[in-house]
Amino acid sequence: MMWWVMLESLVTGLLNISVQAAVIFCVLFLARAVFSLCRIPKKYACFLWMILFARLLMPMQPESPVGLWIKGGMPQSFVENSRAGRGNAFVPGELKGVTDGNMSGGSRTPQLGTSDIGILERLWKTEAANGAGELPGAARRILFLVWGTGCLGFLLYGGVSCLLLKKKLLCSIRREDNCYLVDGIPTAFVMGVFPPRIYVPSELEGEDLDYVILHERTHIKRMDYLVKTAAYLMTCIYWFHPFVWAALVLMSKDIELSCDEAVLGRLGECSRREYANTLLRLSGGKRYFAGVPLAFGEGDTENRIRHIVRYRKPVAAAVAIAVILLSGLAVVLLTGRPEKQPDALNTNAVRSETSIAQPSVTQGNDKSIGENSFNSVNSRFPEPVELPSGHTVTVTGDVYHIMISIDGEEYRMADLCDSVNALMEIREFAEYIVVDGHVSPNASYYGFYSTESKHWVRAYTGALLTWDENWHTREDPIESVIYAEPFDDQGVIYDWEGNRIAVLGLEEEYIYGLKRVGDDITVTIVDYAGKSRELQFDFKDSLRTLYHG
Amino acid sequence: MEDYSLGLVEGRFADIVWQNAPLTTAELTKLCEKELGWKRTTTYTVLKKLSDRGLFENRGGTVIVRMGKEDFYARQSEAYVDRSFQGSLPGFLTAFTSRRKLSGEEVEKLKKIIEEQE
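As they're listed, the protein sequences go chains A and B. Be aware that the first sequence starts at 1, since it is given in this note's numbering, and climbs by one per residue. Be aware that the second sequence starts at 550, since it is given in this note's numbering, and climbs by one per residue.
Hints are computed from structural coordinates only; laboratory data are not their basis. Using N, Cα and C, we set each Cβ at its ideal position, and we do this for glycine too. Hints may contain errors.
[Stated by the list, open to error] Label pairs and their calculated CB-CB ranges: (1) B:E582 / A:C270: 42 to 48 Å; (2) B:Q568 / A:K166: 51 to 57 Å; (3) A:E274 / B:E576: 41 to 47 Å; (4) A:S36 / B:T594: 45 to 51 Å.
Chain A on its own, in the form it takes in the complex (with noise of 0.2 Å):
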């Protein structure tokens, strides 16, 4: 189970990234040609695909508060259009119809832990999870297959051509340092890592062979060889994407340009057309090359002598431009950005018409909390809440934006427990002020503030959480605290402090209330097809029973 959850993972990451992929190999392009046009050397259109290669290698996204992405994954318009469509009742500004229609799929799904990934992507996660749910597993199988092999293939074809060139090159002579000759090549190439190696046809003489012996050592200068090796690792992993091959042609071509800018910057300008009669020549003759299969370098060699010919020392002014949109650039497409805060007025009114729709389990907590007629406050907090002992909670933010101020004093919701997303009640028992955060469709979270001490005093994180209707009788109303895991398999029971009081052993079903009059616990267990019944059992009881019994 867990197998197939981590898989899930993994394709909606792949999906989601290819999404961004391919919006920013659109910017890029662009870009690119505005570079071009702008007279801008090749080498900054080698790091303009650099920022798509990093957004392939990167897990996650850095938070900045310009970055084109909605932490989660889609641009601003994007997750604006499909709102609507998300399984998630928690994104404020929802309307109820809509995401009710949504709950079925996420929500009976046992969730990873909270802690380890951030809310948000969590949200967008279970999206993408749920709209693979639909597919029969069958289905989801067979796409994972067909991708992996994709992946195997490409890599087991770079792989083996490596070997089999490594085989040809057995046949050669060092001439000097990491450079070698070697027999029927057609033509000069880096290969190797650890260290590279430079390997030139053996024919070569003269002019030639220094010029081309010095684009090559610019290559490795310049760690193209890494670069070109990573990108083709990234392609092989996204190669069901066409801009992906298409990011990885046109950075090729661009790398091979900017070298060979570097080597008329170490030659000097009077020897590029001695350097570009070297390319026509090893492009031309026929000498050294025939019966090679067409590749990706087709037409190279007339836009690479056009460019040498045409290359020119770039103005400072050119560079300047060039290195802040780069940065630019990088730090749009790179980043997220948390969700924007909406105005005000607008979410107010639509937070009135929203109650809240809470997924299964909670709403069990729900009821009992209604029953036990506490003080709580069923909407979204748009004014302060007037407790009736007279303390003002006021609520404001958003999703992981939560501030809570209880009497002026401001908390932030993300320092008491980060992966709380919404508020969904805040109540008052004894001196306490209880706020319920919403965590996951199974999970809440419960902050005590105790109005005296004016501190946090007491969290707990579980799916179902109540207290002794009669905690007026109590010395410390809070040891009269009960609650349960979220889809905890086993069916336990803690009292305030986490011990067990009692494990029901559940099969196919869950907790969906709990309610606790003096020491009579009821507990309300629901089966996945709807049909509830009720548990009753004695605080003291149960105690006896685990300690002793």
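Starting from the known structure of chain A, arrange chain B on it as the hints suggest.
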């Protein structure tokens, strides 16, 4: 058709054999290690390759010449040299030139471009 072409590297190796033959394979590997920086296996591989082309022969550990240097180059000039490269270069290597041969027309056009450069 027999292949009467030698690459530069093969040529260097053949020279060593032509100059020193007959010699034992042990002597040859030692010489090649000194002159060309080759491993034993490389020497054997290339010796085998050239023996298959009828240049040399490994007769019980002694390398003998079957076709002399002058003889070989005389024949080579008659044979059409077509050096083909089977198997393509992996795309992620930084190769010097594109793998497509330019046509004569294209070469002329590019020559003009280079010449026109101020």
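A range of 51 to 57 Å was offered for this pair. Does it hold for the Cβ distance of Q568 of chain B and K166 of chain A?
violated (30 Å)
Just to be sure I understand the hint, the distance between the Cβ atoms of E582 of chain B and C270 of chain A should be within 42 to 48 Å; is that true here?
About 43 Å separates the Cβ atoms of E582 of chain B and C270 of chain A, which means 42 to 48 Å holds.
Given the hint of 41 to 47 Å, check if E274 of chain A and E576 of chain B actually sit that far apart at their C-beta atoms.
holds (44 Å)
How does the Cβ-Cβ distance of S36 of chain A and T594 of chain B compare with 45 to 51 Å: does it lie in that range?
For T594 of chain B against S36 of chain A, whose Cβ atoms are near 47 Å apart, the range 45 to 51 Å holds.
Against the hints set out earlier in the document, a violation occurs for number 2 only.
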